[in-house]
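*Asks:* Those sequence lines, one after another, are chains U and H.
When you line the first sequence up against this note's numbering, it's residues 1 to 115, in that order.
When you line the second sequence up against this note's numbering, it's residues 1 to 894, in that order.
These aren't lab readings, by the way, just hints derived from the structure by calculation.
If you're wondering where the values come from, they're calculated on a predicted model, not measured in any experiment.
All residues carry an ideal CB built from backbone N, CA and C; glycine is no exception.
Watch out, some of these pointers could steer you wrong.
As the list claims (entries may be wrong) - Covered by chain H, according to a simulated footprint, are these stretches of chain U (three or more residues, beta-carbon under 8 angstroms): (1) 28-36; (2) 52-63; (3) 76-88.
Said to hold, decoys possible - Anything over 12 angstroms on all C-beta distances counts as not near chain U; from chain H, calculated: (4) Leu34; (5) Leu203; (6) Ala223; (7) Lys343; (8) Ser348; (9) Arg576; (10) Pro649.
Stated by the list, open to error - Examples of chain H residues lying across from chain U (beta carbon under 8 angstroms, computed): (11) Leu4; (12) Gly6; (13) Phe30.
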Amino acid sequence: MSPSAPADARADLQPGTLDMLILRTLTLGSLHGYAIAQHIARLSDGVLRVEQGSLYPALERLLNKGWVTARWAESPTKRQARYYTITRSGRKQLDEKVSSYDRVATAIARVMGRA
Amino acid sequence: MSVLDGIRHRLYVLWRRESYVRDLDRELRFHLDLERLSCSRDGAEARSLELAARRAFGNVTYYREETRSMTPLLWLDRVRQDVSYAMRGLARAPGFTVTVVVTLALGVGLNAAVFSLLDRVFVRPPAGVAAPNEVRRLYLESATAIAGDNHIFPFFSYPSYQAIADAFGSAETAAYTPADSVRPEAGGPLFRRSYVSANYFRLLGIRPIVGRTFDKDEARIDAPALVLVVGERLWRDGFGADPDIVGRRVRTGTMDFTIIGVVPEPFAGLEISAANAWAPLSAFTAGRISSGGDAWYLGGGAFLRVVTRLPNGTSEAELEGKGTAGLRAAEPLRGMASLTDAKVWLGSVVAARGPAKKDAESSISLRLGAVAIIVLVIACANVANLLSMRANRRRREIAVRHALGVSRWRLYEQVIAESVLLGLIGGLAALLLGGWGGALIRRLLFPSVNWAGGTLDVRAVVFVATASVVAGIIVGTAPAFTGSRIDIISSLRAGSLEGAYRRSTLGAILLITQTALSIILLVGAGLFVRSLAKVESIDLGFDTPALLFANLGTTPSQQFGPETQPAFERAAEALRRVPGVKATTLSNVGPMGGFAGSRLFRANGDSLVSGNGDFPSFLSVSPEYFSTVGLRLRQGRFFTAADRKSSQPVMIVNARMASALWPGQPAIGQCLVLSKPENPCVQVVGIVDDAHRMRIIEEPAKQFYLPLAQRPSFRAPVLIVRADPHRIGLVVAEARRQVKLAVPEAQIIQVRTVNELLESELHPWRLGAQLFTMFGVLALVVAAIGVYSVVAYGVSRRTHEMGVRVALGARVADVIKLVVSEGMLTVGVGVVIGVAGALLLGRFVASLLYGVTTRDPVSLATAIAALSLCALAACLVPGWRAARVDPVEALRAE
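With the hints as extra help, turn the sequences into a complete structure.
*Replies:* Rendered as structure tokens:
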């Protein structure tokens, strides 16, 4: 029934991870979708390869959960863009995700003998 | 906060669907444009720029859909899809749809009607009463106060009400009579008048909207105050909401009442039967005397209902203790059993929730509730069966859809949607049916009930909606379970047009359930019908269909005593010449009208023990009494004209009294002394059969008869007429005319047939018999539809097999036997379970039955026979069709 998604995008990033990256990016301030995508791509040096489109289902999910809010505003190019802002519960969620990520990352590093 | 953010977002999406979709497109476009601009620095041409942007973005359509699927819109779409699919499906099978909707409507509609009934009888406290949960109804428990009965009842005599009121102290008590119906002489609406103690309205917290309610002057019981408080509805309908109503006079019967106030809607008394006018208790009696000859309020007649308001901090048990002590300390009344074993109980003000013995009507409505639920279960089982057969028939279609990739859950959803839709349509039909049926039930079965409101209120509608959706889900779940468990291979197997035939276990179980429940209802109907027949055939000792009687009503201004006896004798004489009249006689009390009491001594001066509730009572009668009412002589003689005041005092005793007082001895020739030990001895000259004194169902009581000439009635006598039952209507009119001629000054002349008198007692049985029969037949019809559809479905699936059988030489009878025996086997299992259930559940209706046990073989056999015959007929039709299968057709269809 459903067209299959691009295999590489799905293989590289779990939806939960993408949520975490978006929330982290939004702690910098209100941003539109394209800016979020650019920010993630730039900071990860292209290692984390995300198809830009996958950002939007993730944003919708975050909206439903109440972790971000959205509003229309004028962009620097004088066009209307949808700006996303992280909410307080979004920040709380981010803290939890980061700390659990840290635990897992440390544990993996220890097992791999790097820590 | 954040949860709210999320919810707000979802609501926004649902609410502004179009603008949301547009915004999403705009957002994606904006993104792609920016991406293209960022690529354009490399200096490529426009077309490849667009491609590059799309490559970086990914599949735009896919992501748009994916984003959309995150929203509640997806869910909405699916529901819409399911509903329209279900509607198309139902429209394609109108016969199926109509059957299901009608079945559900019957089941749910009946429940709605009964629900509003139960709600009124059991749930709602009387309307208009302030803080009704503080108000308690009083009950009296006494083993001896009523002969042969040992239970709790809600009636008090005035002296016992007084004793309790005194004992309660600061907790106020009010007394009232159930409403009677009188039509004012000037015409207009019926007055349903209740007599109440002066503090009644104050205790219930009801303030008049015009005038006043009763005050201290009207509290005196020995000073009849002919004033009336009317209800708002009566004020509007009967008096055109006249603001100057206070002081207007209303003549009812012979009493002139002055209206003093109006109380607001919706108050209509505390009983299920509505009241719309209230008079002080003192007016009730105005001149009435008790059987002992005293004013009524000194006598022991128990007809008052009593309520109290529980004061803060007082427990029910405390008040019960006080009341019981007060009652036991009260002086015993003349001619009545003492109340030393009596006990006072408090109960809810809702009469039907009383502490023990319930009103016949409320227990009927409780059973009605159970019956209604059984009918709903039968209806559900039937609908589930129909749905499951439909699912089976669509097996191939479902298999194809499944093979095309529709998920199992999705298929399941669609079946559920169809069922819920059916449930809702059924519910809508049920509302119409329930509104109409409820009105019908009210009018036919409970005409006197104080309904206060429409047939279906909001709660009933909510109930119907819930019931129909729940019914839809329940009936949908079962077939969905089998329906979506699909074996694609066997369903699509070549050569089998409609998939493999598999006998449906579920269908059989549902059929068994229906059959069993129908049997239970039919047995219930049988038990009630048989009880009614038994009650109707009780030998009261009278020739009831032929009897009527006439007496004079007393009013405050008009009372009649023994001086009217000669006039009554003239009327009796004149009536004897009227065609259709067979005999006439006089008595001090009418048939089933009660009895009189007297102290009794044996010839040696020993007093006969009183107070055990079975004290001999007497009637004073003319010589022709026995032949007129049809009472048979066992021994000795009847009275004659020779038994005069001056001759030897004589009495006739009934069989029970003779055997109780003189066991093993001849009663004839014995003698008893009445009233005072020094009175002359009264000789027993005859023994007659036992006759009922007051009620259809009562223990045989000791009773004796005295000649009216020797023991005159202290009131006007009653004229009893034996008439040709076919001409009794004419005789009633003639009796009224003759009494009026004989006593021209009489204002109220009551003429009634004994059958009329008995009807009110027969009502509960008649009601039970009618209801159970109605629902039993309904269940039978629904079950027959169920059997028919299951068997017919089985036959249609086996057309091929039948064709082969016929081709191989099976005879018509063989095929019919095959089909019928399979159907009847299932029905048989249901019958066995149903009989077991009926025997088990019988004890819940045992208290409503008379003269039949719950194991009554006639009722059981009738129910089994009725159901088996219906089932047989339902099997024969498809069996016959199967036998007529043309083998060539059946095999060619391959």
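*Asks:* Hints first: check each against the structure and report whether it holds.
*Replies:* We went through each hint and held it up to the structure:
1. Look at the region 28-36 of chain U against chain H: 3 of its residues bring a Cβ nearer than 8 angstroms to a Cβ of that chain, three or more, so the hint holds.
2. Here's how the region 52-63 of chain U fares: 9 of its residues keep a CB closer than 8 angstroms to some CB of chain H, so the rule of at least three is met and the hint holds.
3. Residues of the region 76-88 of chain U with a Cβ under 8 angstroms from some Cβ of chain H number 7, which satisfies the need for three, so the listed coverage holds.
4. Not every CB of chain U is more than 12 angstroms from the CB of Leu34 (chain H) (nearest about 4 angstroms), against its label as outside the interface.
5. Listed as outside the interface, Leu203 (chain H) is consistent with that label: its C-beta sits roughly 56 angstroms from the nearest C-beta of chain U, beyond the 12 angstroms cut-off.
6. Its beta-carbon lying about 77 angstroms from the closest one in chain U, Ala223 (chain H) satisfies the requirement of being farther than 12 angstroms from that chain.
7. At roughly 64 angstroms from the closest C-beta of chain U, the C-beta of Lys343 (chain H) stays outside 12 angstroms, upholding its exclusion from the interface.
8. Distance check on Ser348 (chain H): its Cβ is at least 48 angstroms (rounded) from any Cβ of chain U, clearing the 12 angstroms threshold; non-interface status holds.
9. Here Arg576 (chain H) stays apart from chain U, with its beta-carbon at least about 96 angstroms from theirs, past the 12 angstroms limit.
10. Listed as outside the interface, Pro649 (chain H) is consistent with that label: its C-beta sits roughly 101 angstroms from the nearest C-beta of chain U, beyond the 12 angstroms cut-off.
11. Because the closest C-beta pair between Leu4 (chain H) and chain U is about 7 angstroms apart, less than 8 angstroms, the hint holds.
12. Given hint, Gly6 (chain H) at the interface with chain U, holds; its Cβ is 3 angstroms from that chain's nearest Cβ, closer than 8 angstroms.
13. With a cut of 8 angstroms, the hint placing Phe30 (chain H) at the interface with chain U holds, because the nearest CB-to-CB distance is about 5 angstroms.
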